[in-house]
Amino acid sequence: MIRFRTKLTLTLAAIGVAALSTTSCKMNKADSLTVGDAASKVYVAPGKYDEYYAFLSGGFSGQMAVYGLPSGRLLKVMSVFSQNPETGYGYNEETKAMLQTTHGLVPWDDTHHPELSQTDGVPDGRWLFINGNNTPRIARIDLANFETTEILEIPNAAGGHASPFITPNSKYVVSATRFSVPVPNTDVPINSYKANFRGTLSFIRADQPGKMDIAFQILMPGYNYDLGHAGKGPSDGWFFFTTYNTEQAYTKLELNASQNDKDYIAAVNYNAAEKCVADGKAKSAPAKYMHNTMNEASRVASSETKQSVQMLDPRDCPGIVYLLPTPKSPHGVDVDPTGEYIVGGGKLATVIPVHSYTKLARAIADKQFDGEMQGIPILKYNATLAGEVKNPGLGPLHTEFDGKGFAYTSMFISSEVVKWKLGTWEIVDRIPTYYSIGHLMIPGGDSRKPWGKYLLAMNKITKDRYLPTGPELSQSAQLIDISGPKMKLLLDFPTIGEPHYAQAIPAELIKANSKKLYSLSGNTHPEVSKSEAATGIRRAGKAVHIKMVAIRSHFSPDNIEGVQAGDTVYFHVTNIEQDWDIMHGFALFGAPTSELILGPGETRTMKWVASAPGVYPFYCTDFCSALHQEMQGYLRVSAPGSNVPLSANTSPRAATQAARVSKAPVLANHGGMRGPAAQAPGGR
Amino acid sequence: MQVRRSPDRRTSPASHMKKLPRVLLVFSSLLLIAMFFLPLWHIRLEAPQYPEGISFYIMLRSIVGGGEFDLANVNMLNHYIGMKPIVAASIPELKWMPWIVGVLIITGLLAAWSGKYKALVAWVGVFTVTAIAGLADFYRWGYDYGHNLAPDAIIKIPGMTYQPPLIGTKQLLNFTAHSWPATGGIAAGIALAVGVLAVILATRGRRSLGAMALFGLLASGCAQTSAMPELAFDGREACAYCAMSITDPRTGGVVVTSKGKKYAFDSVDCLASFAATIDLASARVWVLDFEHPGKLLPVADALFVPAPAGLSIGMGGGRIAISSKNAGARPDAQRWDQLLAAAVAARSAVTGS
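These protein sequences, in sequence, are chains F and A.
Numbering of the first sequence is given in my numbering, commencing with residue 1 and proceeding in unit increments.
Numbering of the second sequence is given in my numbering, commencing with residue 1 and proceeding in unit increments.
Just chain F, same shape as in the assembly:
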């Protein structure tokens, strides 16, 4: 009977999709603004700035994209979990460590949920966190330079989906396992799922850059954990996670995990959990995981392997977790700006259930339990329920808030955004999306203080929305004006990868802090050359290290000889410019790796094995100046055992010029490497 009902729901859903797609074209014309109106609202004149920075996850690209809103202009793609040959991230010697895991260098991941750091529950523009879903990791991006500066691997987990949602003062970001797995991960029969598989909720200390660490993990029943959000205001100190597959299926979850009428939202009192850890109630469990950090001064990443976590079993610490029955395979769990309402997005449900924090606290005090699961009390559904939004549409997933008492829920199956009123649970407006919306985002819409002017719908399917580009089409984002009583579609733009979720923040909170260059005098890279005089070449057995500078419009040295086939050559190239937006690149003929891209003041290293005698040109790949095309050089490779002496030269004329310019105080060597390495240039 239950099975039949499910099938019926899905069939109805399919009919709904069909019905909606036939009506949506008409709705589109009727509902949208006149074209000129909408255009003027998203037009940002040349040379003018957007009002918001929006950070959209790149999904299966493993990266993150920065867009301006309302224009939808792509400003940058930030390298996070995937190697990026465009920038050399994960290819050059300095950044390979960022992608290290206990499984080795993982060159890709699946980014899902960007999360801005918060102060007092409001996004503050310091950092951005994002999860790697496949090999669970959390990355920190520094919003002063828009670069990944730290990545922490999450042990005892697989599929870090409910991540990296943040607590109101950025103390913790969380990561809950999507897959339950054996903890610790060992060789067990898959059909021993119920006995051996467990979920974990990780609380990761996040308020110290470069020092992310797992404060504790909570051992949970073997469910799938989907999404999470921190409480705020009255519910501050609580964290809410959705679960599905409370059926504990391990095969054909599509069917087997869709049987229960209700799954759970797990409410975690992390203040109480913290106290239990402090009281020694957590066990130190062996767990190997890596922590990779980018040193700010040297801009060299390094990895550290950690060996254990504090594991907290709720049975050892009653009162830290409660389960709130929630229909039906809930996806999103979203807390309204006041912190009172906890909205579940039951993706197969016919209502949007909303729990009340006040009722939750009372139900716990009154012990209104309906059984327990592995020592975790299950609360009665009606004891915590504040209300249900009836007939919202099909497939509610995620809810954000405008700060004016309204909530907006994305409906995947019926492909629309539904606006409803908190407290009365009545639907006040709906707007179609094109097509199959996943997350939606209002700047600050998951925080204590939303900037409720725009809503961004992120869609999975674009079909006929843009010029066709073969079987694979882009995903899209749609900007909707929510400033008035009726939602209005303003703009529709394609995105990189799959924008699962996004965050946005007023530009002023980031713009002024944006870095213009890396300090050359503060560059502590072990192979930096701070001036042309500090460049050079040295041999250490079969390794040859070339210290080189790039400055408009030449490399120094640019003629290198004495390398022999079989040598491993390290090009340590420093961009000694100290000028905004003056980048240089370095690419070597035939090198089986990416180019280097060098920010002003930055050192990057290409490792290359010289395999065959010959002459190998190299050149600057980032158009730097009028004489960019002259910015090139040659490396000569001789046969093994050849008597060609090792040399790294620039022309005498260039050396004279360099000496002239380097008289200028700021370009002078600030105590960088001297000694043998410094002797080569000009020594012909």
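If you're looking for bench data, these hints aren't it; they were derived computationally from the structure.
Do not take every clue at face value.
Unchecked claim - If you anchor each label on the Cβ, the simulated ranges turn out as follows:
#1 Pro51/A / Glu508/F: 16 to 22 Å
#2 Pro46/F / Thr169/A: 23 to 29 Å
#3 Asp137/A / Phe589/F: 48 to 54 Å
#4 Val615/F / Glu68/A: 39 to 45 Å
#5 Thr183/A / Gly522/F: 26 to 32 Å
#6 Phe623/F / Val129/A: 49 to 55 Å
Quick reminder that beta carbons are idealized off the backbone N, C-alpha and C, glycines included.
Once you have looked at the hints, place chain A on chain F.
Frame of chain F; chain A shown alone:
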């Protein structure tokens, strides 16, 4: 604080200053201290690639970039045109200029303390000469940087030199160079002006011709452009247009060009006819107020009306100038631009141009 006035000062001989010039001298001297801390000159470069501009400041003892790396970037860019890098260590003036300013400050205070009038005059004189020499030296360095280029420069444009302006704005290839005094330089200028003012105040009522001559010379730059020209009506001056003698203090006017050259006229019509032949852009024009003989009106304050019957003016044409304040609503009155336009039209008719 009560300033003690010694009896011998109150009855001071003519060679001593009064209180105000001394205070001004102290102020002027102390103001020079600003030169040690504030930038004297600011040179700023803008280009399409540098909308935010890059700049550097000339200080008394050093040269510093507007931003941390601006000076290095200026030098970096200048290597393309083969200009020598701007390096403070290679400019010896930056070593001894502080001493000169220091000596000026101390001697200024000493001069004020001595109260001697001649000390004041001498100090301001030395200050003036130093300032002129400093600017000349600055120009010389600019010339050297702009002209003395590496023979193998990357970018060589025949005839192109890169001397920044001493003061003002100049286009140098893709860069617009602005060069203006900065706060320290302005402070020094004010100090000099205050010194000159002290001399003028101390000189007033005194028959010190030497001092008057010196400061007359200094002030002449201002006087030439701002003071009202004088006209004689005894027949010694002739009309610059019709060559007739100027005798009537009620009619005519005078033009002083930007270079200070004076042209006198016996009638406003002659003046207008003359004005139609030259570029009046930076010249100053006055006309004689018919109702107040001998009084010159700036031409903008004048209206031109037909002369009373029977009055013979110059070559005829017959207009006189009256103050616009007194003209009331006379329908026959013309403004200067109208009179000038008529003269230009008349000239075109004659020359056919």
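Structure versus earlier hints, numbers of those that do not hold, lowest first: none
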